Amino acid sequence: MTNTRWIEVAAVGTLLTALGAALFVPPEQTQGDLARMLFVHVPSIWLAYVAFVVTLIGSVAYLRTRKRRWDHLAGASAEVGVLFTGAAIAMGMIWAKPTWSVWWTWDARLVLTAVMFFVYLGYLALRRAIIDPEVRARRAAIFGILGIVQIPLIHFSVVWWRTLHQPASIVRPDLDLQMDSPFVAAMWMAVVAFTVVYIALVVRRMDLARLEADLDEWLATEQTELAESGITAPRLEEVHDHG
Amino acid sequence: MLPGSPVIALRRIGARIGDTPILRDLDLEVGPGEVIGLHGGNGSGKTTLLRLIATLLPPVSGGGTVLGADLRTPARMTIRSRIGLVGHEPGLYPDLTLGENIEFAARVAGKSPERVAEVLDMVGLGRSRHRRALQCSHGMQRRGEFARLLLTEPDLLLLDEAHAGLDPQAADLVSGLVKAVRNRNGAAVLVSHDPSRIGDLVDRSVVLDGGSLHDDPGPPS
Amino acid sequence: MLPGSPVIALRRIGARIGDTPILRDLDLEVGPGEVIGLHGGNGSGKTTLLRLIATLLPPVSGGGTVLGADLRTPARMTIRSRIGLVGHEPGLYPDLTLGENIEFAARVAGKSPERVAEVLDMVGLGRSRHRRALQCSHGMQRRGEFARLLLTEPDLLLLDEAHAGLDPQAADLVSGLVKAVRNRNGAAVLVSHDPSRIGDLVDRSVVLDGGSLHDDPGPPS
Amino acid sequence: MSTFWSHASAVARKDLRAELRTGEVLFVIVPFGAVALLLTPLAVGVDTPLLERIGPGMYWMVVLLFGVLVALRQSSLDGRPQRDMQALLGVDPAARFTGQAAATGLLLLVFALVLGPVAAALYDPSPSGWGWLAALIPLVVTGLALLGTLAGAITGGLGARNSLVPLLVVPLAVPLLLAATQSLEGLRRGEGILGWLLLLVAMDLGLAVIGVLSARPLQETSR
Amino acid sequence: MSTFWSHASAVARKDLRAELRTGEVLFVIVPFGAVALLLTPLAVGVDTPLLERIGPGMYWMVVLLFGVLVALRQSSLDGRPQRDMQALLGVDPAARFTGQAAATGLLLLVFALVLGPVAAALYDPSPSGWGWLAALIPLVVTGLALLGTLAGAITGGLGARNSLVPLLVVPLAVPLLLAATQSLEGLRRGEGILGWLLLLVAMDLGLAVIGVLSARPLQETSR
Ligand code: HEM
Ligand SMILES: Nc1ncnc2c1ncn2[C@@H]1O[C@H](COP(=O)(O)OP(=O)(O)OP(=O)(O)O)[C@@H](O)[C@H]1O
Ligand SMILES: Nc1ncnc2c1ncn2[C@@H]1O[C@H](COP(=O)(O)OP(=O)(O)OP(=O)(O)O)[C@@H](O)[C@H]1O
Ligand SMILES: [Mg+2]
Ligand SMILES: [Mg+2]
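Residue numbers (my numbering), protein chains in the order written: chain S, 1 to 243; chain R, 244 to 464; chain X, 465 to 685; chain D, 686 to 908; chain E, 909 to 1131.
It should be emphasised that the hints constitute simulated quantities derived from the structure, not laboratory data. Treat the hints with care, as some may be off.
[To be verified] If you want the footprint, here are the derived chain R segments under chain X, 3+ residues with CB under 8 Å: (1) 276 to 285; (2) 377 to 384; (3) 404 to 412.
[Said to hold, decoys possible] Which chain S residues face chain X? A few, computed with CB under 10 Å, are given here: (4) ILE131; (5) ASP132; (6) VAL135; (7) LEU215.
Bear in mind that the values here come from a model prediction, so they are computed numbers and not experimental data. Just so it is clear, CB atoms sit at the ideal spot from N, CA and C, and this is done for glycine as well.
Produce the complete structure using the sequences and hints provided.
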């Protein structure tokens, strides 16, 4: 394993700085302290988008080069992406209850986020279900591409559907907040912190995947036992003794 | 079962699968300590006959007893646990490990859990205990079934092509099991397409043809 | 494929299923018109080797060619239709009749539909043509697979325990198929646990042990 | 009677183990249920007061349909060789039924408990009477598990099982569905739901009795 | 290219034949769909104006869910021995994909056509614009069939396939669901639905291209 300890240090450092900034800025005018949720909500959704694009890149690159590294990248990035999407949705829901007095509403953006979450949850479930690394890599890559190709279609259909029907509901998600400059600065710090955290998580996850792959490789070398060694001659004496 | 009374006694048995008649007017008697070979062409009904003897397929005509229980009454359910059958396909749960498969049998049959490792060792699978059945080769799965037979120690042993898929070492398991059953005064029916393979083990052979049994005419000249 | 060049040429092949290494440093060369016997204990990797030769399982190390196609490139897909494999489990659709199963193969392989009845007759299933595969006995299903081989006339024949489940009459089918392949200057690999059974058919035998092949030491004394 | 329970527990344990090994219920079926809950409003057109009204109904529909999937999967673990093997091990058919139903019920309970909050968050039905829910969910789930296991046993070994089970279970589950949705409706209006709970108890008991009594004749006919 | 079509038609023919033999789609899955449609009003509480509103949505949800069941069944016809056999017969993987998707699509079309009148009778949504429906239903059904076949190929041979396919298909089917329901809605209000139809065409084409292109790499990995 390469010495990448500095990534964790950087992640913790930027995170702490961003946290300090988030707590330091004055409360937002309409939302008050609740608005501080934004520092988690928005960066995590942005980084989730980045993560899924990286998954696409990893999938395509794997299919072209057949290099295991790209598969590890795709898998690790999707995992972190699902984590971030989940966090963003959870934050949003916690936020929605006091502001809109419901947990959820069928706003196009919300629906899209949730569908994306499930598409990549499916991607991870697929990876989990396949034992053979080669098979897993290829099938996951194909589904990764299929998933990303579908996202624009899903986006388009959901947005179109929403614009056709202006919601008859009592809640209208209105996400425009008045942001003054300290607020925007803190937001950018949060984005930087999340980016570093994303990189750290992906790097660590890839390290782990590489370790697993190395273990496989090692299993295939001379020192390890073949599958065959699990089978021995029957111990007949006992069978006969038994009778 | 009275001592000395036959283990299998079938009289004018007829059997069908769905509407297709498979066995007709079949007679068979196998005494305690007796081992017979069952031969017959493909599709002659050997597997069907074994399932009938194992009480899994009720006869449509005729009657008989197995281990003293009448095949046509619910009494036949009570002797099921004394019958051991290995068929063409392995009766293992693919997602469970070999060990878990045998543990299930041990728990149901009321055997001590320590026996599981013992019988797996006996069939040479001691070191594959934690491998899922799905990940085992054909012969390993068959060995797994033999491990179950070693555990449950049935009084009536029914083996459908006992040697198929077993390597020469494992083939000795069949002899061992058959001898053990004989010693217990039980009985065994061995189906085989290769009479020479089971010749040493059986007391006599019968041939299934046209839905009923005939004495083995011996090897064709 | 150049005339005289080997049908199978494997060099230092390694194969895995999932994480489990099965074959290692395996070499094998089989020439045109050659028939070899493949022996080895349960779980030694015979089935895995057959699937590798059939291009169904790509090697993880080493390399080789089958019917002239490199096993590690997509070229291997092009020679698949010239390979015939019969494995432990039948490759038939249970809900289709035997006839429909063979018709499917005929349609894909571009053979005339009349051949279907012919090959079914050749394996003795002419009268079972309209029976669903599901309703056929074990041996009948295996015969159905041989019917497919008679139809597609592969240049490379891979039989996993060719004789298992076949009655003595049907066993002659194996000899017939092997001879036909030999005459076509193809090759065959026959897996068996009973060397005496295939002794007459093969030119030489190899034993799979420890993940690679060794010459057959002959029958143990 | 102690063999009965040891057989039942061996069967339940084996089923749960196979289930946990592949992790399907938790990682695959539950997300699918959540997706279905999310998409239904898209399909029927969104309107919050409407959703509040149909929300509980949708939740129970999803529990019912995916309960069927779980029951199906449970019963498909046993192919013919496995059923023969169990019969010859002398597994008491009634114990087998009990064990399978218990395993299915446990999985369904997890499913219902995980999906409950999801449905609540999405449809915001503001349920009241949580105490009653604690009685309601297990009763409904037990009924479904019994029904699914029974249907699995009836169709065991038939080729068309995969689609026959749903057909048998779904119509019979109507009383379960009605009791479940009407109870929630009753709770919302602050009424008592004892009547519905009693209906559920009666139905569960009835199904258990039928299942146990029919286990043996059903096994006898399983060729 | 003629081998391509002869392979595709051989595959489609075999799948349809196996299907008709067991009659599952016609006699089991269709009634199940009808039962599900019937139960929904019970679950959500009967109320005619409400039913008229949610009727089309429920119809498409049922078509979607049971489309998944059909696709699942189609892909489960091929176990490992069958897949090996097809590979060694030299069936072109892309032709195989095409044939399977065609067979699935045909079955789904039957399903949708049979259930349509049932839904209309139950919910009385008084649809208009029958001409458009003639274009809409085939497009939706084709998309579903392609998606289901693709998911079946990606999960081929996996133990968890039965529950993985639904999870993979349903989220990706959102555009299909929206296009279908919104088109009906549009027709009801007398609006044009050309936009939605174009979206469907784009999706069907995209899926067909991905399916055909990925067929070979997918088959190569089928161990
Ligand atoms: C219920 C769950 C919620 C989800 C799934 C969700 C999802 C999203 C997504 C996907 C974005 C990124 C949009 C983009 O950059 O294109 C976003 C941004 C944002 N969300 Fe949420 N959101 C939720 C609840 C809320 C609530 C309750 C509020 C505040 C009242 C809120 C305020 C914002 C703001 C201010 C932004 C950034 C500015 C913008 O792009 O408009 N969100 N949210
Ligand atoms: N499910 C079924 N429906 C209808 N007929 C069946 C069914 N199963 C088997 N048969 C028929 O019953 C007959 C006997 O089958 P059985 O499996 O008992 O033969 P067998 O002697 O064991 O043959 P083999 O040597 O091939 O194993 C066969 O002709 C077969 O076609
Ligand atoms: N899906 C799998 N996952 C992991 N290991 C497997 C899998 N399938 C087979 N194996 C292992 O590979 C080894 C070789 O299996 P293979 O089926 O090739 O053996 P074989 O020589 O054909 O044995 P047999 O004589 O019993 O048929 C065995 O030890 C088996 O445990
Ligand atoms: Mg047989
Ligand atoms: Mg083998």
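Hints versus structure:
Interface restraint, the region 276 to 285 of chain R with chain X: holds (3 residues with C-beta to C-beta distance below 8 Å; minimum three). Residues of the region 377 to 384 of chain R lying with their CB closer than 8 Å to a CB of chain X number 6, which satisfies the three-residue condition for coverage. Residues of the region 404 to 412 of chain R lying with their CB closer than 8 Å to a CB of chain X number 8, which satisfies the three-residue condition for coverage. Restraint check, S/ILE131 versus chain X: the minimum CB separation of about 4 Å is within 10 Å; hint holds.
With its C-beta approaching chain X no nearer than about 5 Å, S/ASP132 sits inside the 10 Å limit, and its interface hint holds. Hint status for S/VAL135: holds, given a least beta-carbon distance of 9 Å to chain X, under 10 Å. Taken as an interface hint, S/LEU215 checks out: its beta carbon lies about 8 Å from the nearest beta carbon of chain X, inside 10 Å.
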